[in-house]
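Novice: Sequence:
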Amino acid sequence: MAKTLPRNAEIADQLDLLADISEILGEDSFRVIAYRRAATRIRETPGPVAELALSGHAKDLPGIGKTIEQKVVEIVNDGEMHALAKRRQSVPAGVVDFLRLPGIGPKTAARIWTELGVTTLDGLQEAAASGRLRDLSGLGARSEEKVLKALEAGAGRKAPAEDRGLLGAALPAVKAVVEELRAHPAAIAVSEAGSVRRRRETVRDLDFIATSADPPALIASFCEAPWVAEVVARGDTKATVLGHQGLRFDLRVVEPECFGNVLQHFTGSKGHNVALREEAQRRGLSISEYGVTTVGTGEVVTHADEDALYEYLGYQPIPPELREDSGELEAARERRIPPLVEPGDLRGEMHAHSTWSTDAKATIEEMVLTAKARGLSYLCLTDHSHYLRDGRLEAQWREIDDVNARSGRGFKVLRGIEVNIRADGSLDVDDDVLAELDWVIASLHTAFDRSPTERILGAMDSPHVDCIGHLSGRRILKRPGAEVDVERVVEHAVATGTALEINSQPDRLDMRDTHARLAGEAGVLIPVVTDAHSTAALSYAELGIGLARRAWLTKEQILNTRTWAQVAKLRKRA
Numbered sequence: 024m025a026k027t028l029p030r031n032a033e034i035a036d037q038l039d040l041l042a043d044i045s046e047i048l049g050e051d052s053f054r055v056i057a058y059r060r061a062a063t064r065i066r067e068t069p070g071p072v073a074e075l076a077l078s079g080h081a082k083d084l085p086g087i088g089k090t091i092e093q094k095v096v097e098i099v100n101d102g103e104m105h106a107l108a109k110r111r112q113s114v115p116a117g118v119v120d121f122l123r124l125p126g127i128g129p130k131t132a133a134r135i136w137t138e139l140g141v142t143t144l145d146g147l148q149e150a151a152a153s154g155r156l157r158d159l160s161g162l163g164a165r166s167e168e169k170v171l172k173a174l175e176a177g178a179g180r181k182a183p184a185e186d187r188g189l190l191g192a193a194l195p196a197v198k199a200v201v202e203e204l205r206a207h208p209a210a211i212a213v214s215e216a217g218s219v220r221r222r223r224e225t226v227r228d229l230d231f232i233a234t235s236a237d238p239p240a241l242i243a244s245f246c247e248a249p250w251v252a253e254v255v256a257r258g259d260t261k262a263t264v265l266g267h268q269g270l271r272f273d274l275r276v277v278e279p280e281c282f283g284n285v286l287q288h289f290t291g292s293k294g295h296n297v298a299l300r301e302e303a304q305r306r307g308l309s310i311s312e313y314g315v316t317t318v319g320t321g322e323v324v325t326h327a328d329e330d331a332l333y334e335y336l337g338y339q340p341i342p343p344e345l346r347e348d349s350g351e352l353e354a355a356r357e358r359r360i361p362p363l364v365e366p367g368d369l370r371g372e373m374h375a376h377s378t379w380s381t382d383a384k385a386t387i388e389e390m391v392l393t394a395k396a397r398g399l400s401y402l403c404l405t406d407h408s409h410y411l412r413d414g415r416l417e418a419q420w421r422e423i424d425d426v427n428a429r430s431g432r433g434f435k436v437l438r439g440i441e442v443n444i445r446a447d448g449s450l451d452v453d454d455d456v457l458a459e460l461d462w463v464i465a466s467l468h469t470a471f472d473r474s475p476t477e478r479i480l481g482a483m484d485s486p487h488v489d490c491i492g493h494l495s496g497r498r499i500l501k502r503p504g505a506e507v508d509v510e511r512v513v514e515h516a517v518a519t520g521t522a523l524e525i526n527s528q529p530d531r532l533d534m535r536d537t538h539a540r541l542a543g544e545a546g547v548l549i550p551v552v553t554d555a556h557s558t559a560a561l562s563y564a565e566l567g568i569g570l571a572r573r574a575w576l577t578k579e580q581i582l583n584t585r586t587w588a589q590v591a592k593l594r595k596r597a
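Taking my numbering, the leading residue of the sequence shown gets 24, the next gets one more, and so forth.
Don't read these hints as lab results, they were simulated from the structure. Heads up, a few of these hints could be off.
What the hints assert, rightly or not - Ranges between beta-carbon positions, derived for each pair:
hint, residue 1, residue 2, range
1, Gly-294, Gly-520, 34 to 42 Å
2, Thr-317, Asp-348, 31 to 39 Å
3, Ala-152, Leu-500, 55 to 63 Å
4, Glu-301, Thr-137, 57 to 65 Å
5, Ser-474, Trp-420, 49 to 57 Å
6, Gly-319, Arg-356, 21 to 29 Å
7, Ser-309, Ala-116, 17 to 25 Å
8, Ala-256, Thr-137, 47 to 55 Å
9, Thr-137, Glu-514, 30 to 38 Å
For every residue, glycine included, the Cβ atom is placed at its ideal position computed from N, Cα and C.
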């Protein structure tokens, strides 16, 4: 019997765990970084990396060398990397979970284990509750309180398998599957559905609805695709598979005449569909995925087109991103849903990094070439201020001037910066320097529990701060972010003319949609930005636009749908 090969997600998980344990043991940082980069590459690879490793071709992937390839082969043959098995014997399993808590890095986790003898989350919670953590160097009463609060909220506990994943990880896979299905000769119509189609920040199963001239043939193509690791269920019109990335895909093939009904039903949300059904019941109608039934006569009407279904029910067609039972049905009944911003409306990128920030991967010129290829006309280079000390900022400006001279007309790189809002509320760059810049972003990066609202309000008072970056500082599925009084921030943003960005990083998506809707209704300037640290990350703009659409925002409400000349006139210093 053929050996079952490990999925890419399983391989990546082992590499991430190896990196975690290696950090706790204080091993070479370059090796740890290599493990993490390899894990990311393997997790994002659509084909089976285990097969590539066995054939000696895994090292052809960027970031995968001979050593990593051999580790993958070890997983295939023995179930686990030998280096991981060895290190597991050195570090108690529960200590790795400490790294998922706020304020606990590998060195602190190691001290908690070796100095306090604590090796489990339950033991850590007991130590924090009894005041033992504060005695460790690098911690203190405030840190102890944060750890205890996080543990009481369930942080650090291993998530169940059914937990949601990031939209940013799922969306590229979904788009690839849709494209592949549409290319099949038996396909008539294919659409994503579910929470991905609504652009929820996290998703679970990935749903597809299709119509076909030959449903079994389309199902066969879906189940036998090279990116499929396991077929969970298969019939003539429905199938569920698992991909090598660990994602679960569900395909349902339906009759063309009811495609709109089924697509609307499986797009959701549950709240939206319940409200839609309740309103229909008051009018003597019954709605299901099979059609709309007139209760008195039993007549069933089906719709091949989703928009036609909404029109039949008396609504303006409702974009998927708005279907969250948040007032969209009433607005659609009164035909008040605005034309939402589209990805193609963006004219420029207003938060991006280059190798002048050592955590970024692309040069200024590489970022510019990619931005131009994406149809943009300007890029605000906003490298982190703490990397631009001792004359480096001025040197960066000279490189910007050189790139602009070579780029020619039609594209412009702007001098920007992302400054840190310190714990005491001050900015880490002097005013006379900020005054010379084209675009200044101020962000919280540390001390999220120390008066975050007041610090943000103070930063907005600066005449040189154009925008607040990633408002809460949250990391989706990792940390909740600062407790910011968003209403006060929005009010002050309007008063000071300060922009509030929608940060499109997959694990940020910050401001969240409800906050962005509040800001938009108040008249705040809102740029959709990628915070890109690589050329590939410039594509994250699609995620930010999805969030903006969920926030009911139009093209006019998004700042960087304008030319740079138009943006410059809206700056508080204009």
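Novice: If a hint holds in the structure, say so; if it doesn't, say that too.
Specialist: Consistency of the hints with the structure:
1. Gly-294 x Gly-520: 34 to 42 Å: holds, 36 Å
2. Thr-317 x Asp-348: 31 to 39 Å: violated, 24 Å
3. Ala-152 x Leu-500: 55 to 63 Å: violated, 26 Å
4. Glu-301 x Thr-137: 57 to 65 Å: Cβ of Glu-301 to Cβ of Thr-137: about 59 Å, so the range 57 to 65 Å holds.
5. Ser-474 x Trp-420: 49 to 57 Å: violated, 33 Å
6. Gly-319 x Arg-356: 21 to 29 Å: Since Gly-319 and Arg-356 have Cβ atoms about 22 Å apart, the given range 21 to 29 Å holds.
7. Ser-309 x Ala-116: 17 to 25 Å: violated, 53 Å
8. Ala-256 x Thr-137: 47 to 55 Å: holds, 48 Å
9. Thr-137 x Glu-514: 30 to 38 Å: violated, 49 Å
In the structure shown, a violation is registered for the earlier hints numbered 2, 3, 5, 7, 9, in ascending order.
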